[in-house]
Amino acid sequence: MKPGFAIGALVLAVVAVQSHIDESFGEYRSTEEILYIDNPRFLKKLLVGFENVAADLYWLRTVQYFGGKRREAANKNFDLLDPLLQITVTLDPKFKIAYTYGATFLSEPFPQGAGAPSKGIALIDDGIRQHPGHWRFFLDKGFIYYWYLRDYKKAAEVFLEGSRIEGAPYWMRTTAGRAFAQGGDRQTARGLWQIIHDTAETPQQVDNAAIHLRQLDALDQLDALRQVAALFEKRTGRYPKSWAELVSGGFLRTAPVDPTGALYVLDPAKRDVGLSPESKLGRLPAH
Amino acid sequence: MNAVAESRPIATGSRVEGAGTLRKIGYVALNTYRETVRDKVLYNLVLFALLMIGSSYVLGAISVYQEIKIIKDLGLAAISIFGMVIAIFIGIGLVAKEIDKRTLYGILPKPISRSQFLLGKYFGLCLTLLVNLMVMTVGLYVLLFLMKQPFEPALLKAIFLTYLELALLVAVAILFSTFTSSILSGLFAGFVYVAGYLSNDLKNLESVVESAFLPQVTRVLYYVLPNFKNFDVKAAVVAGDPVLWSQLGWATAYAAIYIALLLVASCWIFQKRNLK
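Here the protein sequences come in this chain order: A and B. Straight run, no breaks: the first sequence in numbering that gives the first Met the number 0 ends on number 286. Straight run, no breaks: the second sequence in numbering that gives the first Met the number 0 ends on number 275.
You may find that some hints are simply not true.
Just a few of them, taken from the derived set where beta-carbon distance is under 7 Å, the chain A residues facing chain B [to be verified]:
1) GLY48
2) PHE49
3) VAL52
4) LYS93
5) ASP197
6) THR201
Keeping only pairs whose Cα atoms sit at most 27 Å apart, straight-line, the calculated DSSO-like set for lysine-lysine is [claimed, not checked]:
7) B:LYS202 x A:LYS44
8) A:LYS93 x B:LYS202
9) A:LYS93 x B:LYS100
10) A:LYS152 x A:LYS118
11) A:LYS44 x B:LYS271
12) B:LYS109 x B:LYS271
What the hints contain is simulated information worked out from the structure, not anything from laboratory work. Note that the Cβ used here is the ideal one computed from N, Cα and C, for glycine as well.
Work out the full structure: start from the sequences and follow the hints.
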């Protein structure tokens, strides 16, 4: 037998056996979620001269972990998210995007994120200590206070603090004023998300901000639809049973769809309108 | 075939002794370089190319728009790691191999001193590392160009300092190889590399221990061990932070002095060594 043929056959045999093992015993060999070294400073000492590339590997692992957890349907937790981020930014304190993204991953409400805005703020504070002249971190921190913690006064203080940094855009100060005076107001929230959208550093941040802007549009549309339903009830003495009824009655031109194209749901039993389960907008905020 | 045995006959009675010495060192260096090329040391460049091309494809999908940063980090780290492996593993064998194969005994009667031989070996390996680094640097820049990135001269600063670091590491490896076996030389050189990276901690130790004696020992160690941190600006250049020319100048001066010190010590030990 020729050596080349033998090698090819043996490679195929290895692939076949491995596939069989995965199919037959995969469930017994699930990867254990563990951090072998959870002390970032110790790890940094071990990686003499190669901390940066290790930080990149930990960042990739963080992104994979977060993305994987987000897709999990049951028994979901984000226990390793904060330690992974701590290791990443300790190994490479200049990794600015890890602070910004990491804080968002941590602050997003469960189950979309870890639901731990205090940890998100701690991470951003670490970033501010490392890069005191980076105004963007103040925008991120203020945003967490505003959007996730609804602490509008604190958000305004953080925006104001960031506005004093050299090179900070003029709107940081006006944003601080709006957050302080009109905290909780949907228009203020829309303005904030528009800022996040316009100052985004990556396409993913743009997409994320765009989704939130669409959610706010959906909240406006739902308010308008509730008014239409209320008007129908006032005129007919009963709550509408379907969109078709509202269209045929001249209250609406067509059946309403949300900004992602999914039909809104009219629920006569609850006497309310809402998002379709098929909508790509996710859970709407309370603003 | 060994490095010196196949070199051209070395002229005796040169008009200028210094020029003759340099020529002899140059012959050994050139032959050492050819020997490393014949030993397929530069095959690591294929691995480097595969690593970089592979990562550029994979990272785009999984790094959340950080692929350029990661490519730069990975490229600089790979340049450093491949160079380090060559510096240590080839460096420790430069002299030992000649002794083990007994080819050194054919050289010693020729009109070339042990110091010239040793220095030739050192500069030959430095030449191999230089060619290696230059090819990898071009590879990294080509990849970044293909990823539509503008030319970033700052990366060259990090690569230049990496070269100095490797040149220093070769000198460390050669020093150990003049008086001990290859395995121990490799271990010692590796230990010095790690200790040299952590030497800042030795200096800081005096602020955390109460002993009066220990801080003095660690302070001496801090200055005696080569401080490899002086050459590590990889993080700064990737983050876009400025690396001052003066920093490069001082690091170069440090490397030159330390390498000279190690080579003088190596030559002295090698002269004294009983090779019979």
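Right, here's what the structure says about each hint:
1. With a cut of 7 Å, the hint placing GLY48 (chain A) at the interface with chain B holds, because the nearest CB-to-CB distance is about 6 Å.
2. Against a cut-off of 7 Å between C-beta atoms, the interface hint on PHE49 (chain A) holds, since the closest Cβ of chain B lies about 5 Å away.
3. The beta carbon of VAL52 (chain A) is positioned within 7 Å of a beta carbon in chain B (closest approach about 4 Å), and the interface hint is therefore held.
4. The closest approach between the C-beta of LYS93 (chain A) and any C-beta of chain B is roughly 4 Å, which is under the 7 Å cut-off, so the hint is satisfied.
5. Because the smallest distance between the Cβ of ASP197 (chain A) and any Cβ of chain B comes to about 17 Å, over 7 Å, the interface hint for this residue is violated.
6. Checking THR201 (chain A) against chain B: minimum C-beta separation of about 4 Å stays under 7 Å; hint holds.
7. Distance check on the hinted pair: LYS202 (chain B) and LYS44 (chain A) sit about 15 Å apart at the alpha-carbon level, within 27 Å; holds.
8. Restraint check for LYS93 (chain A) and LYS202 (chain B): the C-alpha separation of about 24 Å stays at or below 27 Å, so the hint holds.
9. A C-alpha spacing of about 50 Å is found between LYS93 (chain A) and LYS100 (chain B), which places the hinted pair above 27 Å, so the restraint is violated.
10. Restraint check for LYS152 (chain A) and LYS118 (chain A): the C-alpha separation of about 19 Å stays at or below 27 Å, so the hint holds.
11. Distance check on the hinted pair: LYS44 (chain A) and LYS271 (chain B) sit about 38 Å apart at the alpha-carbon level, beyond 27 Å; violated.
12. Taking the CA atoms of LYS109 (chain B) and LYS271 (chain B), the gap is about 18 Å. The hint holds against a cut of 27 Å.
The structure does not agree with the numbered hints 5, 9 and 11 stated previously, though it agrees with the rest.
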